[in-house]
Each structure stands twice: as structure tokens, then as C-alpha cells.
Amino acid sequence: MSYTPTELMTINAARKLRDRQVCFVGIGLPSAAANLARLTHAPEVVLIYESGTIGARPDVLPLSIGDGELAEFADTVVSVPEIFRYWLQGGRVDVGFLGAAQIDRFANINTTVIGPYATPRTRLPGAGGAPEIASSAKEVWITLRQSPRSFVERLDFITSAGFLDGGDARERSGARGAGPTAVITDLGVLTPDPVTRELTLTAVHPGIDVEQVRAATGWDLRVSPDLRMTERPSEQELAILRDLHARTAQAHGAAAGGD
Amino acid sequence: MSYTPTELMTINAARKLRDRQVCFVGIGLPSAAANLARLTHAPEVVLIYESGTIGARPDVLPLSIGDGELAEFADTVVSVPEIFRYWLQGGRVDVGFLGAAQIDRFANINTTVIGPYATPRTRLPGAGGAPEIASSAKEVWITLRQSPRSFVERLDFITSAGFLDGGDARERSGARGAGPTAVITDLGVLTPDPVTRELTLTAVHPGIDVEQVRAATGWDLRVSPDLRMTERPSEQELAILRDLHARTAQAHGAAAGGD
Amino acid sequence: MTTHKLCTLQEAVAELIHDGDAIALEGFTHLIPSAAGHEVIRQRRRNLTLIRMTPDLVYDMIIGMGGADRAIFSWGGNPGVGSIHRFRDAIEKSWPRPLAIEEHSHADMAARYQAGASGLPFAVMRGYVGSDLPRYNPNIRFIECPFTGERLACTPALNPDVAVIHAQKADRKGNVLISGIVGVQKEVVLAARRSIVTVEEIVEDIKDHAQMNSVVLPGWVVSAVCHVPGGAHPSYAHGYYKRDNSFYKAWDAISRDRDTFLEWMNRHVMATADFAEFCQSLAASGMIRSLPQEVRA
Amino acid sequence: MTTHKLCTLQEAVAELIHDGDAIALEGFTHLIPSAAGHEVIRQRRRNLTLIRMTPDLVYDMIIGMGGADRAIFSWGGNPGVGSIHRFRDAIEKSWPRPLAIEEHSHADMAARYQAGASGLPFAVMRGYVGSDLPRYNPNIRFIECPFTGERLACTPALNPDVAVIHAQKADRKGNVLISGIVGVQKEVVLAARRSIVTVEEIVEDIKDHAQMNSVVLPGWVVSAVCHVPGGAHPSYAHGYYKRDNSFYKAWDAISRDRDTFLEWMNRHVMATADFAEFCQSLAASGMIRSLPQEVRA
Chain A
1 MSYTPTELMT INAARKLRDR QVCFVGIGLP SAAANLARLT HAPEVVLIYE SGTIGARPDV
61 LPLSIGDGEL AEFADTVVSV PEIFRYWLQG GRVDVGFLGA AQIDRFANIN TTVIGPYATP
121 RTRLPGAGGA PEIASSAKEV WITLRQSPRS FVERLDFITS AGFLDGGDAR ERSGARGAGP
181 TAVITDLGVL TPDPVTRELT LTAVHPGIDV EQVRAATGWD LRVSPDLRMT ERPSEQELAI
241 LRDLHARTAQ AHGAAAGGD
Chain B
1 MSYTPTELMT INAARKLRDR QVCFVGIGLP SAAANLARLT HAPEVVLIYE SGTIGARPDV
61 LPLSIGDGEL AEFADTVVSV PEIFRYWLQG GRVDVGFLGA AQIDRFANIN TTVIGPYATP
121 RTRLPGAGGA PEIASSAKEV WITLRQSPRS FVERLDFITS AGFLDGGDAR ERSGARGAGP
181 TAVITDLGVL TPDPVTRELT LTAVHPGIDV EQVRAATGWD LRVSPDLRMT ERPSEQELAI
241 LRDLHARTAQ AHGAAAGGD
Chain C
1 MTTHKLCTLQ EAVAELIHDG DAIALEGFTH LIPSAAGHEV IRQRRRNLTL IRMTPDLVYD
61 MIIGMGGADR AIFSWGGNPG VGSIHRFRDA IEKSWPRPLA IEEHSHADMA ARYQAGASGL
121 PFAVMRGYVG SDLPRYNPNI RFIECPFTGE RLACTPALNP DVAVIHAQKA DRKGNVLISG
181 IVGVQKEVVL AARRSIVTVE EIVEDIKDHA QMNSVVLPGW VVSAVCHVPG GAHPSYAHGY
241 YKRDNSFYKA WDAISRDRDT FLEWMNRHVM ATADFAEFCQ SLAASGMIRS LPQEVRA
Chain D
1 MTTHKLCTLQ EAVAELIHDG DAIALEGFTH LIPSAAGHEV IRQRRRNLTL IRMTPDLVYD
61 MIIGMGGADR AIFSWGGNPG VGSIHRFRDA IEKSWPRPLA IEEHSHADMA ARYQAGASGL
121 PFAVMRGYVG SDLPRYNPNI RFIECPFTGE RLACTPALNP DVAVIHAQKA DRKGNVLISG
181 IVGVQKEVVL AARRSIVTVE EIVEDIKDHA QMNSVVLPGW VVSAVCHVPG GAHPSYAHGY
241 YKRDNSFYKA WDAISRDRDT FLEWMNRHVM ATADFAEFCQ SLAASGMIRS LPQEVRA
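Protein chains in written order, with my numbering: chain A, 1 to 259; chain B, 1 to 259; chain C, 1 to 297; chain D, 1 to 297.
Honestly, the hints are just simulated from the structure, not real lab data. Hints may contain errors.
Unchecked claim - In silico BS3-like pairs for lysine-lysine, Cα to Cα no more than 25 Å straight-line:
#1 A/K138 x D/K5
#2 C/K249 x C/K93
#3 D/K207 x C/K242
#4 C/K207 x D/K242
#5 B/K138 x C/K5
#6 B/K138 x C/K173
Chain A on its own, in the form it takes in the complex (with noise of 0.2 Å):
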């Protein structure tokens, strides 16, 4: 069965989560991953929504964060401040599962500006929930496409902490939690080296190899010696996945769908 990039990255996020664990999803790729979780090997994970839905069970994926879907089969709904207050910030998440535009070297994202902040070249929409989600859970998982425009040398703006300048910088800063463990690309994924904690390549997806990855990186990438290829994705996978897109483009209208 073939597969599109959007396909592999999604269900390599999504077979990183673990049954029962407590997710606090972003919207977009990072839910279709956790849905898709949810639907094969994770059917007990907790999806945590900002918008306040905790234990959300959506039948189709939702266009928005706050969609009526993530509500209607909800354990419970609580409002914006407690989601953020008591479920966040007290420390009760288990993966913080964030989207992002740019991620550098050391998992640091933007989502505020390209170029200067008072001048932009191009505004991006904020922070969002972001910035706590990224210092307050356990461990945080980053899903992007990769190419040289969103793994830069440098970012502009830095919206929310990875490992900041690298090495202890994390730690010396205050932020709880080990930060991004993991980032899913379309291309492989990434971790951070455990002393220098520089974004490394361990492991491509099947038929990519490591010139591509480099390529589409804006700094010299370091590469495991212990590179591994992923498992490529499942008939099983992808018939739910696609199910998932087919529910959904059905719901939201055509365009809806797919990624």
C-alpha cells in the first residue's frame, strides 16, 4: 500500500503515544496523530484540548479547537482558565503534542514572527497555548514538515522553549518537564543528543535517505550512528487513518480533510 509523506508522518507521531497516557493535543496534525493513537493501539489515551475538553473522543477530526465534537464525547468540559490553571500548569500532562512554522537546532519553535518583531515580514498567529504547554508538560513531542524554511539556523522569534541554547540552558531556566523528546517530520525523526541536546537525526522513514534530510535542514544536521529506519506504515494504519479523513471530509466538507 502506498502512502503519502502527510500519512507517515502522522502515524509515526501517532505510535509514539503510549495507552492511557494524558496528551495535551494542538490542533492540526498533531491531533490527527493523536486521534489516530486513539483509535488503533491507545483506545484509554487521555486527549486534552485548550478549549477545555479533557478525555475528548471525536468521531471526526475536529476543524478548530473548540469544535462541538471534542465537547459532546468529552469525559468533562471545563472552561479555559481551569484548562490551562489546574490540568497544565498543575502538572498533570503527560505529552505536550505541538504543531510549529519554524523549530531550531535545539527544538526551540516560532509561531510568532518571520523577520523583526515590530516590522514583520510575516506575522504568524502567536503563541497560543504554546509556551506552557512546552514548559509544563512531562515531555513534549514537535510534528512539521521539514525543509530549510522551518529548520532554520536561526529564529527570528522564539515563542516557546525547547532546549534554548542547548547543553543545561533548559534546566537553568525554570521550565518543568524534559522538553521536546521527540520531533516527527516527514522525513524521519529527530531527538535531542542527551549532553548537548542538538536536535540529531535517529531515525528516516523507509525510502528516504540521509542526504534528503540534510537538505531539507537549515543547519548542518548531526546524524546518529545508530540511525534506524522506521517500521513503514501498517495496512491496519493506514485504513483508520484514511477512514478518520474520510469521516471527516464527509462532516466539514470536501477540503476539509486529508491534511
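With the hints as your guide, set chains B, C and D onto chain A.
For chains B, C and D alone, coordinates are given in the frame of chain A:
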């Protein structure tokens, strides 16, 4: 129609409440008075209890601050943190209506200890909601029986602030609201002098003479030159209050009614 | 206020929202007070400070029509679609006028509303660790815990001049019931000096519809209640109608170009008298498949 | 924990509450976890720190039986009746052992639990203005607002070792539904390291009983759920049984005298195996007119 000193006190306290005022109600005499007001001239008064009930309309008087009766007919029931933060501290309460064990000439109250704090002669229940009711409500009314043991020259412990040392001491303290604007007792009504803030006897109940009030006060009581007499309880007021107590006694068991 | 608590949206906006006010139209994806946003535009309010966690279409319209001087927010976009072009054009190119921005995170905006509702001057949070936001926003400061010495972020309370929300139900006394994704609506109403609530439905007594612990705003904390069925469109009202995802997508094309935007706004908002006419105008142009009030039936 | 999430109260107390723990049995007049308090006494826990806004009968019993070293509270009394005599005897006369106290106001205790639930080291409030409490409690301090310079009170977050609450319903996954006067129960469970919830009823799926915005504690934040019908007696469980006001009054006489108290406790609590037997013992002595579980039927 004859009446008891407690009925007199309750009816006089009730008369002060105006319709649509928002009243944060202490248990006991304040609760009886506030509900009498609701059942007579102030049907739209908003009663808030610290248990989180907003717009409570108990059919019988609660024995505790959190009787089910309070929740059953309330507009809404919120958590205890919310009632103190959003509703009291948020500045939405017109009148804080308190009881007290002891009061001094500047309407400071003690509900904590008699004797030294570490080795108390009598251990009272403590602060409860009073310190913040006293400093957050737009004004405060206090109701208690007048005696040399309750109206004391010097409090062993200030639990909740009235006018502190008098004059502008309260304003300088950072407390909000006008502070205690009336103390309603079984003998009369005391109000603070506009300048010194010392409690001054401004009204006596029918049949009470000033010497009786002086004798029941632990300091040299100031008496207003314009001393007035409160109106006698009307038959309607007495009938409604007695009905309320009768219903309450029936609901709670005989000993709960009366006072 | 001189008008009755239950009044038309025109009356409420006329009386309660003034030029130069700091207004907060809230609703986290759900229950966005879109009809009220249109009315602010129809009445040509100017120099507004727009406060909202997620400025999306409702603020894109006000900004594009030149009503705002300043935005205080935490995420500005068209959810699930992309950018909000009028917002970006104002920030990047000062069209039709410059838009000053004050930018926070979601957790912080929520905490600031809570502080506002709580009568506190500031909010404390674990936040902004390692983020560049505090470099550009002097309203984000840091304090030490007096017990542990830990460093915590703090920001000033938010107390808008006017809060505007949409809810499912209100009764004749102005008691409001909100259910589903309740966002920051209770907090923004309690934090604000004045408030307008548009609702899907007026019922006789809210207590017949609300359980004891439901999210209810008593009528005495609300300045005006306006019956505007469908008033959250293209957002949704749980139990009444769904989110109009196709409108969110259509907005991308409408708002990308200045002239197209102005033409659309003039035709559908400025040339209509109220939200019901707006909906008819949209339906006539084929932009919505059904009016929200019809979705309900 | 090694026991299953749904377990007996004996198992939950044995596993989760240890000598020397700081425990918080909460429930604001409503839903007081009385049965759990008895079990703490039966299992002879010692050197406890007892945290509770309103230490009433449930703590009077533990203190009188010598289980506590310290109490953290804001109002200690028998609501609607008067003093709690064992509590006073411990403070005033150190019987059966000295009881250290740390005293706050209600608003502060609620704020401290909120801070604990929020992962913050301290709570900020407008409080204690002019009160003598800060003179005797070093945990009440004051800070300045970094924006306005106002002086505000602050106190350390409360994070009990164990929270114990009573609720109406739970399902087999341990999801808990609380309704009516909900007090600080959500906060204390989220603030605590471990938690025990006793419930009136076990249902198949809590979602069949809870509306979207009901107060629900998901099973994954709770350590143990125990089915103890009537377990709040003499407090009440809204929808199940009423407050037993006559028991509160009777307690005044039972607890006033040390020997009477000990005799009563030994007979009804120490000599019974569990809460059901306790209720039978009370009924046999004519102390309660009906068992709480029967009130419901």
C-alpha cells in the same frame, strides 16, 4: 403583639436590606434577617452564602452554611474558591452581613480567641469568611446581642477589621468598602461617627432606655444627640418571621428554630 | 443603563460601547458573538482596543473597517484555515490604519481575565520560560515567590470596558445559561465594567433549563441581553447549530484583497439593518447553505 | 497503587494514608467524608496533620482519639450547634496530646488549594487587612503588585499528601461526579499527591449521568474509589439523604466529656468493622432514626 429581643433584632436587621441588593450572608442571625427581608419587602434581594450558593431562596432557614436547601433553589451553585474570588473579592457584594462573638468601639470583631492566642481561655471557631467579607463588601452590617462580654473595651484578637484604630485607619489599611455601617443589637442600632468612626448609639428599640444600653456596653458608649426609636415590629413582620421559624423547626427538628 | 435589560442589539451597542473603549468579544471557537461584532461595525465605532484570546473573523472585520487602534491577544488566525488577512495587513502594512498589538499566551490571557474577575491587580503564572514574548511586551514581568524564591511570570489584570459574549439561553430577568465549551466567558463578563450577552433563545425561567452547577450568569451581573438567534455564525451554538466551516474557508478569499473585503462588508454588513438581514443577504448570495436559525428547526 | 482503583475503604486507607501524613478530608458542610474519617481512626493512624477549612465532627473524632499533631483550618466548630469539644480540649488543655494549629481564613484556604491544584507555589489574595491572624501565622505574608504597588496577602500552596472526599457517583473506571454544593473538592483532589473518593453509588458509565459541564473528576486523577453508601453521614449527599441535624446536636453531649467520648468511639467506631456496622450500631442505640442508605430508598 409581643416579641422577643431576638425577634426585634432580626426584624430591625431585615429592614435595612433593600430590594435587589447583593448580600453575602453569615449563618445564624444574619441569615434569618436576610431571609425575612426576602420574604417581606425585598423579594429580589440576592443572597450569597459562602458555600457557593448565589441567589439562594431557602424555604426554611439553613442550620449550616451549606444546607441542601440553599443549593436547591439558588440561581447557581459555584465552588468555594469561586465564591470568594469572583464574587466577594471581585467586588460584587453590596452588603456583608456578619455575626460576631465580640466587638469593640471601632467595630472590629473577634471570632478567634478570648485570652492569649497561644494559651486561650476560650477557643472560638475562628475566622471563616469574615476577614475578607469585612474588607471586600461595599458595606458591612454586624448583628449580635449586646452585653459587656460581647461589647468589649479591648479585643484580645482582631479577627476582622472594622475601623481599626478609628479615624482614617481603615482607609489607610487598604481595606475596600465603607466598613461596618451599622451594628444591630437586641437593644438598638449603633452606627460609626463620620469622623472618629467610633460606634455611636443612634437608635434604641421600643421600651429600651439608654442606660440599659450603656450597661450592656463594655466601654463608655457615645449616644447620638438625635437618638431615635426604632419602629415596633409589625404584625406582618412577626407573623412571617414566626412562620419561617416554625417551618424551620419542623424541618430541622424542634431545637433548630427560634434563635 | 436606561434601556431595559432585555433590548435589541442595536440599543445595547449604542448605549454600552463607546468610541475608544477597550472591548472584549469572547468565545473560544464556540459561541463567538459575531452578530455583535457586525453591529459595532454598523455603528461605526472607532479607536477601539480589541481584546480577545483568538482574534479571528469577528476582529478581522472590525480591524479591516478601521475601527481598532490596538489589539490584545494570544493567537490571531482563521482556525483550521490560515491567516486573518485584514489583521495581518493592519500589522504589516498599517492598512487601513496602524494597529498596535500587545501579545500574550493563552494561559496568560485566561489568567488575566481571572485576575480581572477576581478583583486582583495582577495574575501569577508559570509561564513564558525561555520565550521572547517578555522582551517585546512590558506587561509581562517576573516576580519571586515569597516562600520558595521561584521565579514566576505576572501580568496585569484585564478589565475591559465592555465584555460581549453569545450564549444559548437567557430568561426574562437576564439570567444567562452557557453550556458546552464555555471558554473564558464567565471571567470576561465578571472582569468587565459593562457587558452584552446575545442569546439563541429567551426562556421563561432559566432554572427550568439549568442544573445546579451549570454555568449561569445571574442577570444582575449582565448589562444587556439581546435575542439574536444564529448570532454566533459562522461559529456555532452547541445544541442549536454547527460550525459553518465552509464560511471560514470562504472568508480567506473574501478578506485576502482589500477591495473585495470592502465590497463584501458594505454589501452584507453596512447595507443591512441587523443580523437577520445579514443572514438573508448571505443566503441570497449563496454564501450560506442555510440560515443558522433554520438549522435549529 | 497495587490495589484496584475500585476497592474497599479499608484497603484504600491502609494503602494510601500513612502515619505522619498531611491529610485533607474536604466537603463544605455537604458531602463530608465521615466514613473515611472513621476508618482512619480504626486503623489507628498517628501524627497526622489535619487540613480542612471547617474541622467539625470528622476531625473532632480523630483529634480526640489522639491521631493528630497539627490542624490547618479556617473555622472549627459544630455548624449550627457550637464548639467542637475534642478540638478545643486539645488546643486548650493538650488532651489527649497537644495540637499545633495553623489558622487561615476561608478565602485563603480556598486560594491555597487552588494554588496547589494549579502547580503554583503560592496564592495571592486581597485578604487579612487589619486582622491579627498574620501576627500569629508566619505563613501569611504580604507582597506588592509589580504593576500597581498595592499590598496583597499571599500564602503557600496547599498540597496534602492525601485528599479524601465523598461524592454522589463514580463509574467502574473511577470517574467521579459531584453535584450540589461542590466546595473545594475538585481543588483538593488535584492539589493532593494521592486521593480517596467514597461514593454513594457506582454506575456503569458516568457520562450517562453527567452533563458536559458537570463537576467530574476523571478516574486518572483519583487514586481509589470506594463504594460507601451513606458515607457522608451526618453530613448529607444531595439527591440521596438529608443532613442529620439531630446527630450534630447529639454530638455536643457525646463529645463534651472525655470519658463519654471515648466510650462512644470505642463502642461505635473501634468495635465495628466498617461503616455499615457503624450505622447498625448507631441505629441499635437509637442514635439515628434511619440509616442513610435507607433514607434513599
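Okay, the hints, checked on the actual structure:
Our distance criterion of 25 Å between C-alpha atoms is met by A/K138 and D/K5, whose separation comes to about 23 Å. Between C/K249 and C/K93, the direct Cα distance comes to roughly 23 Å. Compliance with the 25 Å bound is thereby established for this hinted pair. A C-alpha spacing of about 22 Å is found between D/K207 and C/K242, which places the hinted pair at or below 25 Å, so the restraint holds. Only pairs whose Cα atoms come within 25 Å are accepted, and C/K207 paired with D/K242 is accepted, the gap being roughly 22 Å.
Between B/K138 and C/K5, the direct Cα distance comes to roughly 24 Å. Compliance with the 25 Å bound is thereby established for this hinted pair. Pair hint B/K138 plus C/K173 holds up; C-alpha atoms about 24 Å apart against a cutoff of 25 Å.
Going through the hint list in order, the structure satisfies each hint without exception.
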